[in-house]
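For chain U, the structure is supplied; the task is to place chain Z on it using the hints.
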Amino acid sequence: MRWVVLLIASGCNQALGLTETQAIDAHPPPMCPRVGGVPTLYGALQQVPIRYCTHYTPSVDRSVALASRDVQTLVRGPLDHDVTEVPLVPPPTGNFTILPMPEGDRVLVNVASSVGISAASIEYTIGTDGAAHAGTQYPLAQTVALSRPSGGPNRRMVYEEPGTLVELGDTGAGFVEVRRYPLSELTTDASVHVNDASLSPDGLRLVFIAANGGTINTRVVYYTDRATTEDHFGPIHVLETAPSGVSHPYLTANCGRLYFSALDTVFYLE
Amino acid sequence: MTMRWSVLLVCGCNQVLGLTPTRTDDARPAPKCVAGSLPSLYGQLHQLPLKYCNFYTPSFEAGIAVAECEDQLMSGPIDKRMSPLTLDAAPTRRERGTRLSAEGNRLLVPIFDSDLVQYEIAEYELQGNGTWASVGPATPYATILREFSAPSRAPDRRLVFQDYDNGLVLVELSDQSGSWREVTRYPVTEVGAMAKQLNDPNLTPDGLRLVFRSETILPDGHYVAAAIFYAERATLDERFANARVIDVAPHDVLYPYLTEDCGRLYFTALATVFYME
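First to last, the sequence lines map onto chains U and Z.
Position 55, counted from 1, in the first sequence is what the numbering used here calls 55; the numbers after and before it change by one each time, with no gaps.
Position 140, counted from 1, in the second sequence is what the numbering used here calls 140; the numbers after and before it change by one each time, with no gaps.
Incorrect hints may appear among the rest.
Said to hold, decoys possible - To give an idea of the chain Z side of the interface with chain U (calculated C-beta under 10 Å), a few residues:
(1) Q44
(2) L45
(3) H46
(4) P49
(5) K51
(6) N54
(7) G63
(8) I64
(9) S134
(10) P250
(11) H251
(12) D252
(13) L270
(14) A271
(15) F274
Please keep in mind that the hints were generated in silico from the structure rather than gathered at the bench.
Predicted, not measured: the structure shown is a model, and the values here were computed from it.
Positions of the beta carbon are idealized from the N, C-alpha and C atoms, including for glycine.
The following block holds chain U by itself, in its conformation from the complex:
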């Protein structure tokens, strides 16, 4: 009788497309570590079926994800599924990078300075017409490689000036520098530089790509955290379960998934 019940339960799973019934949970539910710890990721890669995308950013409610395709095209789709283009209206001029925000309906376009163009960040919000419309423009003193922002309000971004981590905060009237401190607070390895950085939605966790020990061929994912957005980030750790050679990492709000770009596609590991 017990076997019949088990078989029927399994059959229901199959018919309804549910996760397999397991005797025990394979992994405990994801949870962010205490400050100074490292997220627990188990290392099995799952592919998101999209190509040539970077900056893949799931919304906090896990309903949609935003990304950039071929660098300068904004795309959006259901989480972990195919994406479609979202036109930027008006399209930015010059060289720019699209930085999705964790709300899932807005991006920051980071425009590099060039002849006749000043460095700036422009906020685009996706409207009911399916296009992303330009809103507030924040001038930047220079071209910088901004991280993906945390969620609003009190939105934060970081970037590296050589040897220094600079943090910007959204005052409501624009992003202003709220603090800067030497990278030596995060690592004694002077060869580490912050690339492809992204903040978690709460702004308390930062992941980025850097060479491990200065070896350009072993670019790894680094992680650091802090207790509040008023604190400095602490010592960095290599996320050992993440493969080397990937780009644009993004850690979800519950620290349970790390998304990244590699092999012309997007993966996550849990």
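Here is chain Z on its own, set in the frame of chain U:
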């Protein structure tokens, strides 16, 4: 009512036995090679539970695969975890690039003969106890180490490797005469006008299809450091030509291996092994 119970029970059996979910119809047609066409790959990647492994070579005839994981020779069921394999009378200097035969019963091991200062192919045969025993004398094939392909099926096994000595050429060996002998060589430009190198060349078990890795400039003008190329021929007596980029395959991967039905492409990337269907 009885039918509904039967369906539920069948689905349940799938779940308990770990089988693929029952479907009302196949989502895709069965893979097959079509002359003149690229392999029918859809772009979905699957990761194998392996780390730091290269030269992944499956034998679907035997149901096993062999790879080198951190310089350790490993074997196991296809797509599953592997364990170290044992060579009887192990060579004093084994080199990188051991390959499994298409039949799954032979290992081709590159070794260095320090007396004759040459690289040789040593063969090992699978024994009933699961070990691999040396068979026959090793065959010299190069004076500088070249990583060779998986051999195609006997008789008239073929293998290929890239040679740099006189420009980039593809060297093809045959064992029809009882030991490995060069049967032809041809320059990279003959294999494919878009290819610059013939890195990590590999043959399908029938010897009729070639995959390799090369830098190239795609038709849209994009430079790619390592694209996977594909070429084919109708018989073993013909030469590979008109190599084209497998456009659904990711760039910057290593050691491609195409299955005989053109339905799967294995490769090494991100310190693990994937296949694409």
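Cross-check of the supplied hints:
1. The restraint placing Z/Q44 at the interface with chain U holds, with a minimum CB-CB distance near 7 Å, inside the 10 Å limit.
2. Given the 10 Å rule on beta carbons, the hint for Z/L45 holds: about 5 Å separates it from the nearest Cβ of chain U.
3. Interface hint status for Z/H46: upheld, as the beta-carbon distance to the closest one in chain U is roughly 8 Å, under 10 Å.
4. Annotation: Z/P49 was flagged as interfacial toward chain U, and the flag holds, the nearest CB pair being 8 Å apart, inside 10 Å.
5. Hint status for Z/K51: holds, given a least beta-carbon distance of 8 Å to chain U, under 10 Å.
6. Taking 10 Å as the C-beta cut-off, the interface hint given for Z/N54 is violated, the closest approach to chain U being about 15 Å.
7. At about 23 Å, the closest approach between the beta carbon of Z/G63 and any beta carbon in chain U exceeds 10 Å, and the interface hint on this residue is violated.
8. With 10 Å as the threshold, the beta carbon of Z/I64 stays out of range of chain U, its nearest partner Cβ sitting at about 23 Å, so the hint is violated.
9. Among the interface hints, the one on Z/S134 is violated; its C-beta lies about 36 Å from the nearest C-beta in chain U, farther than the 10 Å criterion.
10. The criterion of a C-beta within 10 Å of any C-beta in chain U is met by Z/P250, whose closest approach is roughly 4 Å, and the hint holds.
11. Below 10 Å, beta-carbon pairs count as interface contacts, and Z/H251 has one with chain U at about 6 Å; its hint therefore holds.
12. Hint status for Z/D252 relative to chain U: holds, with the closest Cβ pair at about 7 Å, below 10 Å.
13. Against a cut-off of 10 Å between C-beta atoms, the interface hint on Z/L270 holds, since the closest Cβ of chain U lies about 4 Å away.
14. About 5 Å separates the beta-carbon of Z/A271 from the nearest beta-carbon of chain U, less than 10 Å, and the hint is met.
15. Look at Z/F274: its Cβ gets to within about 8 Å of chain U, closer than 10 Å, so that hint holds up.
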